[in-house]
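Chemist: One letter stands for each residue in the lines below.
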Amino acid sequence: MGQLINIVLMMVLLAVAYGVGTIVEREHYRKILLKEEQYLDLPVVTSRRIAENDDILTAVLVSGSVVISLDYFKRFLAGLRNIVGGRVSSYETLLDRGRREAVLRMKQAAYEMGADMVINMRFERSSIGNVTSDRKSQIGCFELLAYGMAVTLKKKQ
Amino acid sequence: MKFTPRILSENVNISRTSPLREFFILLGGILGVLVAVYLLLGFAWDSMVDRIPDRIDLTFERYFGKAAAGKGCSFPRAEPAVQSLLDDLAALQWADRRFTVRLVSDKEVNAVALPGDTILVYTGLLEKIDSENELAMVLAHELGHFFRRDHLRGLGRGAVLVILSAAVLGGDSSGTDLLQRVLLTTDLKYSRKQEEYADKFALALLNKKYGHVSGATAFFEKASRKERAGICSRFFMTHPLSRYRVEALRRLIEEQGLPAGKLKPLSPEMVTEIKGVDQGAISRDEGMYRSHGVL
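Residue numbers (the numbering used here), protein chains in the order written: chain A, 1 to 157; chain B, 1001 to 1295.
Because the hints were derived from the structure by calculation, they are not lab data.
Ideal Cβ placement from N, Cα and C applies to all residues, glycine included.
Hints should not be assumed to be uniformly reliable.
Claimed, not checked - Cβ-to-Cβ under 10 angstroms is the rule here; a few derived chain B residues that face chain A: (1) ARG1006; (2) ILE1007; (3) ASN1013; (4) ARG1016; (5) PRO1019; (6) ILE1030; (7) LEU1040; (8) LEU1041; (9) SER1074.
Construct the entire structure; sequences and hints are all you get.
Modeler: Here you go:
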């Protein structure tokens, strides 16, 4: 009987997590698209040098980080995938959002200091807060960090 | 180098599958495979049990039997009487197999077959019995389970389920623990089919002993009357309704044209010791064995 209650509880949690998670994700993507459009003119490149190196006036380190957590439904789906193997598509959207959000925050920092572009951008990821369920620890939170060099260039005539 | 800002038309980093669809497909697929494996292994185990020669007596069965039979005898006159009835019945089917019967003082109306060729009969059941034929029917039903090794079948299937659960959920998960406790004891339930076979076997044996089958349905009729009066959920869990068993038995008797005859009364040793005995509460481990009795 107790086991049955556990299963029903899990089903309810999955349904709630799926519902809420979908709404949250959609909202987040909407905001991301808006911001991306806003900062479209600020280039971010991963090259370590740019052709006009001597045109650099100021260079400042900028970074943008975001911490994102999985919802229960996504975690459960990933658990099933762990048995069968293959693409864990439930994690893909999460990491995608995280990356784009981190880059946007970095861009925002660069923009506020009047930078013309960000060079030498790199990504870092770390997991925070292991979530333990059923004695197996599963990673629930990610911190995504995007950092680079915000440079202001000599204005061309 | 010219920089042209552009927004990507679609997101290349995500998969187009709907998570809900994926959820149901994965869950359904995995559960389906588990069920298939369980059925297959259960079927294989069943066929293997069918092929165990009659003469083989498994060691662990003997161990169980010794554990159960090791209790002192509280009915020094009734028990040997029942034992001799059992021996007569067993001799009609097996040349050299010996079963043991123990009487247990409890108001529960049931008889239980344990691994190790041991039968426990509760005095509650004996109180309700009015003729030797009825008692013989009950004992013969238990012998039917032994004949088909029904307790082994249940044990094997249970082990398969526990192994599967340990593989998927993990050896120390609460699900595996629960399954282990429920399935790997001798707290076994027999399927309806197994009960049918045991009844059929008992009917034939009864006929062999007495030359007629009167008294075969009497006990179950009494039980079905009690069931209508008060719904005991316990009863429902462990056996098909007695009413259906009575009908099935009557149908069998008619099909095979089995004769009726005079009922033999219980021997006096059984009557004096059993009727009116004080039936206290049952002990813990006997309670564990209850659910696969005659009822």
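Chemist: Hint by hint, say whether it matches the structure.
Modeler: Taking the hints in turn, this is what the structure says about them:
| no. | hint | in the structure |
| --- | --- | --- |
| 1 | ARG1006 | holds (8 angstroms) |
| 2 | ILE1007 | holds (6 angstroms) |
| 3 | ASN1013 | holds (4 angstroms) |
| 4 | ARG1016 | holds (9 angstroms) |
| 5 | PRO1019 | holds (6 angstroms) |
| 6 | ILE1030 | holds (6 angstroms) |
| 7 | LEU1040 | violated (19 angstroms) |
| 8 | LEU1041 | violated (19 angstroms) |
| 9 | SER1074 | violated (36 angstroms) |
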